[in-house]
Amino acid sequence: MRFAIVVNEGPYTHQASDTAYQFARAVLAKGHEIFRVFFYHDGVNNGTRYTVPPQDDRNLQKLWSELAESHKLDLVVCIAAAQRRGILDANEAKRQGKDGDNIAPGFRISGLGQLIEAGIEADRLVVFGD
Amino acid sequence: MSTLHTVNKSPFERSSLKSCLDHVSAGDAVLLIEDGVVGARKGSQFAGALAAKNGACAIYALGPDLAARGMKASDLVDGVKVVDYAGFVDLAAEKSRVCAWL
Amino acid sequence: MSETKKKFLYVNRKAPYGTIYALESLEVVLIGAAFEQHVSLAFIDDGVYQLMDGQDTAAAGMKNFSKTYKALGDYEVRKLYVERESLDERGLKVENLMPVTYEDEDDDYAEKPSLIVVDRAEMSKIIAAQDVVLSF
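Residue numbers (the numbering used here), protein chains in the order written: chain A, -1 to 128; chain B, 7 to 108; chain C, 16 to 151.
So here's chain A without its partners, still in its complex pose (with noise of 0.2 Å):
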């Protein structure tokens, strides 16, 4: 079965990226396919590779990263929340004339279409957030 999962909140303020990403993992683990993982609202901030939490908590956009490499999974940020909130990719910062960007390994910056279309080939979205 294909799934897609929606994370709309940030890492560490709310559990929604640790269950969707272990929900993620269990999906994988059961022979399921994950269409797309599309972060939405603050869950863009998963998406930075600028974080650094303590080295004895888990790094919660690495391990996206991770899952991201050894699955082929589709990591996507959604473009109009992640201007509002300051995550942007190479070209983004470019033409937003912004000095450096912050878009981690394994994500890509897209539209809202994006989580349509995860809706509509997906056999089940399943949606984590506040």
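No wet-lab data here; the hints were simulated from the structure.
Honestly, I wouldn't trust all of these hints.
Said to hold, decoys possible - Capping the alpha-carbon separation at 27 Å, the derived lysine-lysine pairs in BS3-like fashion look like this: (1) K22/C - K85/C; (2) K78/B - K28/A; (3) K140/C - K101/B; (4) K28/A - K21/C; (5) K78/C - K24/B; (6) K20/C - K101/B; (7) K24/B - K48/B; (8) K87/B - K140/C; (9) K59/B - K48/B; (10) K78/C - K20/C; (11) K101/B - K28/A; (12) K15/B - K101/B; (13) K127/C - K24/B; (14) K22/C - K101/B; (15) K59/B - K140/C; (16) K87/B - K28/A; (17) K59/B - K15/B; (18) K101/B - K21/C; (19) K101/B - K59/B; (20) K140/C - K15/B; (21) K82/C - K94/C; (22) K108/C - K20/C; (23) K94/C - K101/B; (24) K108/C - K21/C; (25) K78/B - K48/B; (26) K94/C - K96/A; (27) K78/C - K140/C; (28) K94/C - K140/C; (29) K20/C - K127/C; (30) K85/C - K24/B; (31) K78/B - K101/B; (32) K20/C - K24/B.
The hints should help you fit chains B and C onto chain A, whose structure is shown.
Chains B and C in isolation, oriented as in the chain A frame:
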């Protein structure tokens, strides 16, 4: 054609558990996750509301979230079943849609 | 674009302005309209406040996006389900909500209401009839 409903907040903080229970259809499943698990504790203010729905619907609590909050299956309202993340995935797959009460 | 046509329900349970969810939910609805799916919006609990008439955010210094609900008809979004019990619990009446209409091309472009007041039991059935439920 039934639905899996998820509730992730404590009923002592938010109205999402009440709202969810008010909108479930017979045959649906309700899964309490994150702080939502505190609503399933035996003897709590919400035990009656959960017990009343348990039957027409199946009520579940996410084990890892119970454990993280110092709770275990025997602390829960009778009939509430404990699942892990794999069980969460199974419930999502078995039901026709997932509705999150955020 | 995919041939599949699914039933999408956007569930709104939060008042506007206190959090960004109402505004960003609306942004999804607008983009989603281009995908020609079956779209409905549900306003439950404090979500009914999103449709309040006469919203004025000037003194609060925030962007007023309430006019966007009135434009939804132009995006073929014509089903805005409002829960009666949620209104009652909050001391609200339908008359307190903004008029939202669409032009029915099958009826000489007559203006028809998009707000549909339903009771809780009907709302449960609406949820149970969806393919995709997006909660904000």
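Structure-based check of each hint:
1. Among the hinted pairs, K22/C with K85/C is consistent with the structure: their alpha-carbon atoms are about 22 Å apart, no more than 27 Å.
2. Distance check on the hinted pair: K78/B and K28/A sit about 25 Å apart at the alpha-carbon level, within 27 Å; holds.
3. Of the supplied pair hints, the one linking K140/C and K101/B holds, its CA atoms being roughly 15 Å apart against a limit of 27 Å.
4. Distance check on the hinted pair: K28/A and K21/C sit about 26 Å apart at the alpha-carbon level, within 27 Å; holds.
5. Of the supplied pair hints, the one linking K78/C and K24/B is violated, its CA atoms being roughly 32 Å apart against a limit of 27 Å.
6. Between the alpha carbons of K20/C and K101/B the distance comes to roughly 20 Å, so the proposed pair stays at or under 27 Å and holds.
7. Proximity of K24/B to K48/B is assessed by CA-CA distance (about 17 Å); at most 27 Å being required, the pair is judged to hold.
8. Distance restraint check for K87/B and K140/C: the Cα-Cα separation of roughly 25 Å lies within the 27 Å cut-off, and the hinted pair is therefore satisfied.
9. For the hint linking K59/B to K48/B, the alpha-carbon distance of about 15 Å falls within 27 Å, and the restraint holds.
10. Under the criterion of a C-alpha separation no larger than 27 Å, the hint pairing K78/C with K20/C is inconsistent with the structure, at around 33 Å.
11. Of the pairs offered as hints, the one joining K101/B and K28/A holds, with about 16 Å between alpha carbons and a cut-off of 27 Å not exceeded.
12. Note on K15/B and K101/B: the hinted pairing holds, with a Cα-Cα distance of about 22 Å set against a maximum of 27 Å.
13. Only pairs whose Cα atoms come within 27 Å are accepted, and K127/C paired with K24/B is rejected, the gap being roughly 33 Å.
14. Between K22/C and K101/B the alpha-carbon distance is near 16 Å, which keeps this suggested pair within the 27 Å criterion.
15. Restraint check for K59/B and K140/C: satisfied, since their Cα atoms lie roughly 17 Å apart, inside the 27 Å limit.
16. Taken as a hint, the K87/B and K28/A pair is honoured in the structure, with Cα atoms around 20 Å apart against an allowance of 27 Å.
17. Our distance criterion of 27 Å between C-alpha atoms is met by K59/B and K15/B, whose separation comes to about 18 Å.
18. Of the pairs offered as hints, the one joining K101/B and K21/C holds, with about 16 Å between alpha carbons and a cut-off of 27 Å not exceeded.
19. At roughly 18 Å between alpha-carbon atoms, K101/B and K59/B fall within 27 Å of each other, so this suggested pair holds.
20. The suggested pairing of K140/C with K15/B holds, with an alpha-carbon distance near 24 Å, which does not exceed 27 Å.
21. Among the hinted pairs, K82/C with K94/C is consistent with the structure: their alpha-carbon atoms are about 16 Å apart, no more than 27 Å.
22. Straight-line distance between C-alpha atoms of K108/C and K20/C comes to about 34 Å, which puts the hinted pair past the 27 Å bound.
23. Note on K94/C and K101/B: the hinted pairing holds, with a Cα-Cα distance of about 25 Å set against a maximum of 27 Å.
24. Our distance criterion of 27 Å between C-alpha atoms is broken by K108/C and K21/C, whose separation comes to about 32 Å.
25. For the hint pairing K78/B with K48/B, the CA-to-CA distance comes to about 11 Å; that is within 27 Å, so the pair holds.
26. For the given pair, K94/C sits about 41 Å from K96/A by alpha-carbon distance, which is inconsistent with the 27 Å threshold.
27. The hinted pair formed by K78/C and K140/C fails the criterion: a straight-line CA distance of about 34 Å is larger than 27 Å.
28. With a CA separation close to 15 Å, the supplied pair K94/C and K140/C stays within the 27 Å bound.
29. The suggested pairing of K20/C with K127/C holds, with an alpha-carbon distance near 24 Å, which does not exceed 27 Å.
30. In summary, the hint linking K85/C to K24/B is not supported, as the alpha carbons are separated by about 30 Å, beyond the 27 Å threshold.
31. As the CA atoms of K78/B and K101/B are separated by approximately 26 Å, the hinted pair is consistent with the 27 Å bound.
32. Restraint check for K20/C and K24/B: the C-alpha separation of about 32 Å exceeds 27 Å, so the hint is violated.
The structure shown violates the earlier hints numbered 5, 10, 13, 22, 24, 26, 27, 30, 32.
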